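Enquirer: Listed in order, the protein sequences are those of chains H and Y.
Position one of the first sequence corresponds to residue 0 (numbering that gives the first Met the number 0), numbered consecutively onward.
Position one of the second sequence corresponds to residue 0 (numbering that gives the first Met the number 0), numbered consecutively onward.
Keep in mind that the hints are not guaranteed to be accurate.
[To be verified] The calculated DSS-like cross-link candidates involving lysine-lysine, where the alpha carbons are at most 27 Å apart (straight line), are:
1) Y:K43 to H:K382
2) H:K113 to Y:K44
3) H:K220 to H:K810
4) Y:K263 to H:K316
5) Y:K43 to H:K201
6) Y:K263 to H:K60
7) Y:K44 to H:K219
8) Y:K148 to H:K316
9) Y:K148 to H:K220
[Stated by the list, open to error] Over 12 Å on every C-beta distance to chain Y, these chain H residues come out as not near it, computed from the model:
10) K45
11) D118
12) S358
13) K389
Derived by calculation from the structure, the hints in this document are not laboratory data.
The structure presented is a predicted model; accordingly, all values stated were derived computationally and were not measured.
Don't be surprised by glycine CBs; every beta carbon is placed ideally from N, CA and C.
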Amino acid sequence: MIRITLLLLFLSYNLLAQKYINGQVIDQDAKPIAGVNVTYSLINQKTILAFTRTAEDGTFKLNLKPTEADSITLILNHMSYGKVSENIRISTDLQTFIMEAHNKELDAIVVKQKAILQDQDTLTFNVNAFSSQQDRVIADIIKKLPGVEMQGDRILYQGKPIQKYMVNNLDLMEGRYGIINNNLPIDAVRNVQIIENNQPIKILDSLVFSDKASLNIELKKFTTTGSGKFGIGASPALWNANITPMTFNKSFQMINSFQSNNIGLNVANQLSSLSSGTSISPAPSYLNVRNTTTPGFDERRWLDNKIFLGSSNFLKKLNNGLELKGNISYYDDTQNKKGVTNTQYFTSQEIIQNREEISNTNQINALNLGLLVEQNEKSIYLKNTFLMNKRWNVDFGKVILNTNTPISQKRNYEDLVLLNHLSAKRIIGKQLIDISSKMEYHDAPQRLWITPGQFESIFNQESKEMEQMVFFKSFSWKNELSFIRKIKDWRLIPKMGINYQNNYLDSYITVDKSVLEDSLFRNNTKNSVIETFISTGINLEKTKWKLNSNFPISLNAYHFTKNEIRTTFNPNINLTWLINSSHNLTFNLNGGNRIGDLNNFYNGYIINQYRNIQRYEMRLLETQSLNPSLSYAFKNITKATFANFAYNYSLSRRDFIFNTNIDSLGRNNTQIADQNSQTASHRINGGITKIFMDIKTNVKVHTQLNWANADYLLNNKWDQQHNFNNSISLELINNYFNTFSVEYKTTLGQSHTKLGNNLSNQLKFGSQFLNFHIYPNKKQTFILYNSYYTNNIASQRNQYFMDATYRYSIKKWKTDLELTANNLLNNKNYVQQFATTYELIQSSFQLRPRQFFISTNFRF
Amino acid sequence: MLRISFIIISILMCIKSYAQVYTSKYQILYNFTYQRDSTNKATKKSEVMELLVHDSLTVYQSLNKGLRDSMLLARGLSYNNGTPPDIMNATEHNLRFSIFKNYGPFLVQHNYTPNNSDDKTYKYYKDDISLEWELMGVDSTISGIGVQKAITKTKNTTWEAWFATEIPISAGPYKFHGLPGLIVKLQDVNHYWTFEMQEINPKSQRKIQLPDSKLWAKNLITKQDLIKERKYYIENATLIDIANKLIVVDDENFKIQLMNNDKKRAAINNLWIETEI
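Based on the provided sequences and hints, a complete structural model is requested.
Expert: In structure tokens form, the structure reads like this:
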């Protein structure tokens with residue numbers, strides 16, 4: 000037995016002993032060949048296991064990996080002698096190999112530029128790989144990228160809005176990136192990058208983990224570029240002008256834009272902030288003219304506008320690391336909206352029907368000013384943002400109620416906002432200290448004038464006209480101090496702060512030019528709140544796990560007609576599991592109790608609208624909520640496949656409910672009732688995008704599913720509303736052929752609303768878009784746009800729209816000449832239907848008629 | 000070793016006597032991405048590099064530097080006469096070095112000043128590198144080329160290479176060589192430096208001229224000295240350029256500003272592949 004074991008040991012020792020091949024390579028004339036690559040693999044396998052090279056005398060010694068095989072495949076390869084592969088027995092004897100001279104012909108190889116590259120957290124999308132003949136500005140490319148979707152001008156990556164939009168790693172526009180996205184020519188761009196988990200504040204890098212993504216545009220070179228457009232059309236007289244020059248240098252960037260049109264392009268959207276950050280929210284608007292519902296599709300089909308816009312933005316990076324940014328924008332917009340609204344009100348007693356013919360003109364004037372100083376370095380972060388906004392709106396409204404009662408309205412709204420936000424971060428000792436201080440001031444006088452007067456039963460008089468005046472002012476000051484300390488993989492973030500807010504509301508009602516003195520119709524309130532809070536943040540960052548949690552407790556002292564102290568607690572826990580480079584899973588839980596803001600503090604009546612009057616009891620409104628969510632993201636770069644899914648649940652319990660009373664004319668009066676109420680909702684949404692590179696086809700699928708129930712109180716009767724809606728959309732873009740390309744998008748959905756009294760409404764809707772681009776040659780393009788909207792509304796037939804464009808491109812001048820015909824079938828109205836808690840609204844909206852347009856578009 | 004030295008000497012003698020011009024058989028283009036500041040990924044830059052192969056002779060350099068050299072050669076010009084502006088503009092490049100190899104050690108020609116180079120601004124050093132490659136037994140394809148994975152270690156880092164098993168060119172980008180096939184992709188573990196092959200042109204027929212041995216022998220220094228000198232130059236570029244009358248700065252404040260810029264540039268220029276291999 001021992002003998003056998005010994006024998007086996009000896010045998011296996013022999014098998015495992017280092018083996019080698021001894022050889023020499025010679026040519027036909029027996030001359031040694033130097034520099035031959037000698038490799039071997041196991042027979043019938045291709046993986047090379049070891050290699051060597053022949054010496055000057057053609058000899059080589061190739062060490063083999065331990066193996067049980069007795070033969071191997073030996074491969075000899077040389078550029079001037081080609082390749083020889085031979086199965087040989089393993090032996091240490093010198094073996095001779097002969098190679099014949101014949102030049103190995105290498106094929107020319109051009110490695111295709113990869114469309115998507117990943118380097119750690121940075122995804123680089125090659126613009127050339129995604130661009131096709133019809134693309135002009137960078138937005139045309141970005142909307143096609145896998146994992147990216149656009150909601151209007153807002154860019155989302157894996158279902159979440161991007162936090163920054165940069166050009167050459169500089170953030171000139173601070174979230175107002177629409178202007179760059181819609182005007183930067185693609186010829187200037189080399190790559191579009193998505194930086195996942197981007198922490199833009201350098202001092203926080205590797206200290207505070209970020210799960211947000213930023214977008215960066217890499218230009219081909221520092222340059223002055225931009226685009227422009229001039230066009231005219233009919234009828235009535237139409238124009239569109241846009242000139243947007245942009246300069247991108249190493250330490251200086253500037254964008255100017257001058258735009259004007261009356262063809263339904265709401266270019267003011269380009270000035271709105273699309274990402275989170277310091278931005279201004281407008282003062283509450285207490286008054287409005289009766290509006291008709293605008294159609295839920297492409298604005299250019301229905302927006303009757305006349306806009307003039309100018310915007311100037313610059314960024315200068317100074318030598319000492321400071322970045323200065325400034326911007327000034329102004330626009331003047333006039334919009335006309337015409338439509339008919341049929342409303343059914345379901346009260347417990349009856350169903351009230353109303354028909355309103357609405358014709359409105361909205362005038363909007365807005366001036367925005369911003370000045371920023373920023374220092375973003377490894378050792379210090381400093382940012383001061385100063386913003387000034389001024390807005391003057393005037394709305395003229397005409398309503399013909401139930402075909403015989405004309406009502407005129409005029410509303411003025413002004414808002415002056417001043418905001419300053421200072422934020423500083425610095426490492427002192429072993430911790431980072433973070434200070435933030437934000438001040439915001441609003442002055443917003445508002446006026447609504449209505450003729451003839453309404454609400455006779457409340458005012459006890461019939462009147463020719465009535466007027467509601469509101470003077471609103473507010474001031475808030477928020478201060479925060481926090482420390483960030485790193486202990487191994489953990490971060491401890493204690494935070495404390497004090498916030499002060501005060502609101503001033505003065506209002507009165509004039510009926511037939513005399514002021515109503517009754518305190519029921521007057522407000523003159525000052526209220527304030529001081530919030531002091533402390534919070535503990537606990538973060539953990541491991542290679543596979545990221546935990547972000549925050550536990551703020553706040554003590555709020557309110558001062559209104561009485562003094563009241565409330566505490567709130569709003570914990571938030573976010574846990575991310577990075578399963579591997581392709582999959583990650585995030586769980587979020589937040590909740591707690593919140594106290595409503597002070598805007599609804601008015602005891603006296605305010606006429607919000609010709610048909611709506613409100614007064615609220617002065618009391619604090621408390622809401623308790625619980626919101627768990629689970630989201631999943633997937634990406635596979637080599638297959639250009641991205642997907643994301645999310646489930647959200649939201650439960651909120653209020654210690655109040657809005658009680659709406661409707662009179663026989665459908666006019667309503669809203670108050671707060673002391674009754675607990677609850678809303679709960681579930682939401683599932685997801686999307687998959689995939690690019691088939693070989694056939695140049697993009698496929699995007701999105702779906703969402705919501706169901707919710709909410710309590711409501713109508714004419715003192717409590718009820719529950721159930722809502723269920725879902726939709727699915729599919730988008731296909733094909734650029735495979737040189738002579739034409741196709742875009743197809745379809746959305747199908749339904750919404751089902753159940754109210755009390757067994758009333759219910761089910762709406763099915765669908766839309767299909769099919770666009771053909773035909774390129775008979777490199778200079779000419781025919782584009783045919785088809786849109787088809789379907790629904791189940793009895794009174795509305797399905798609608799089909801057709802538009803066409805002929806484009807002649809002059810490559811040398813980077814210019815296109817375009818002839819466009821919009822709404823070829825001359826559809827006049829668009830009808831839609833939707834339900835709120837107590838209304839079923841069917842509204843028709845006047846569309847832009849058939850129009851022709853000729854324009855020249857250029858890039859420089 | 001003696002024999003190899005003899006071969007080098009004889010080759011160099013040939014060059015000296017006839018200033019021999021070779022014609023490349025293959026041109027291989029690599030996209031080289033390099034990060035300049037180890038703490039900031041935004042400092043990544045890239046440049047297209049070429050590897051010219053003529054039997055055992057290889058030259059590795061920026062494609063535009065190669066184009067500039069061969070344009071000058073074609074017009075019978077040398078650096079000393081100044082480069083015509085049309086050539087200058089068409090062949091802008093940031094990486095100002097060429098690496099020659101013919102059997103023996105690498106001969107690296109380096110101009111660390113950004114100024115228009117004449118022969119005198121070139122420094123030379125020799126680098127004898129042998130790399131221990133470990134085959135990882137993993138194969139794959141990159142753009143249809145069958146490749147296999149290998150790793151090697153240098154001073155402080157590990158490199159992952161994918162080589163083409165069917166293309167028996169043992170040369171590679173920069174000083175990487177010695178695999179039984181052409182390197183198609185190469186990257187260090189920190190992703191500071193990435194080489195990606197873009198093209199193989201079998202009919203490139205580019206003229207290659209080895210540097211004049213008289214000249215390089217005169218300007219030969221050690222690699223450590225070159226790294227030191229280059230570092231010193233980057234930190235004090237303004238002063239050195241003024242001393243060499245390459246730039247004239249009258250305004251004292253402006254001079255101080257330029258000097259501060261030098262310091263800043265030096266601070267973000269902290270990753271050099273030369274210190275690694």
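Enquirer: Look at each hint and say if it fits the structure.
Expert: Checked hints:
no.	hint	verdict
1	Y:K43 to H:K382	holds (26 Å)
2	H:K113 to Y:K44	holds (17 Å)
3	H:K220 to H:K810	holds (20 Å)
4	Y:K263 to H:K316	holds (14 Å)
5	Y:K43 to H:K201	holds (17 Å)
6	Y:K263 to H:K60	violated (53 Å)
7	Y:K44 to H:K219	holds (12 Å)
8	Y:K148 to H:K316	violated (44 Å)
9	Y:K148 to H:K220	violated (35 Å)
10	K45	violated (7 Å)
11	D118	violated (6 Å)
12	S358	holds (54 Å)
13	K389	holds (37 Å)
Of the numbered hints listed earlier, those contradicted by the structure are 6, 8, 9, 10 and 11.
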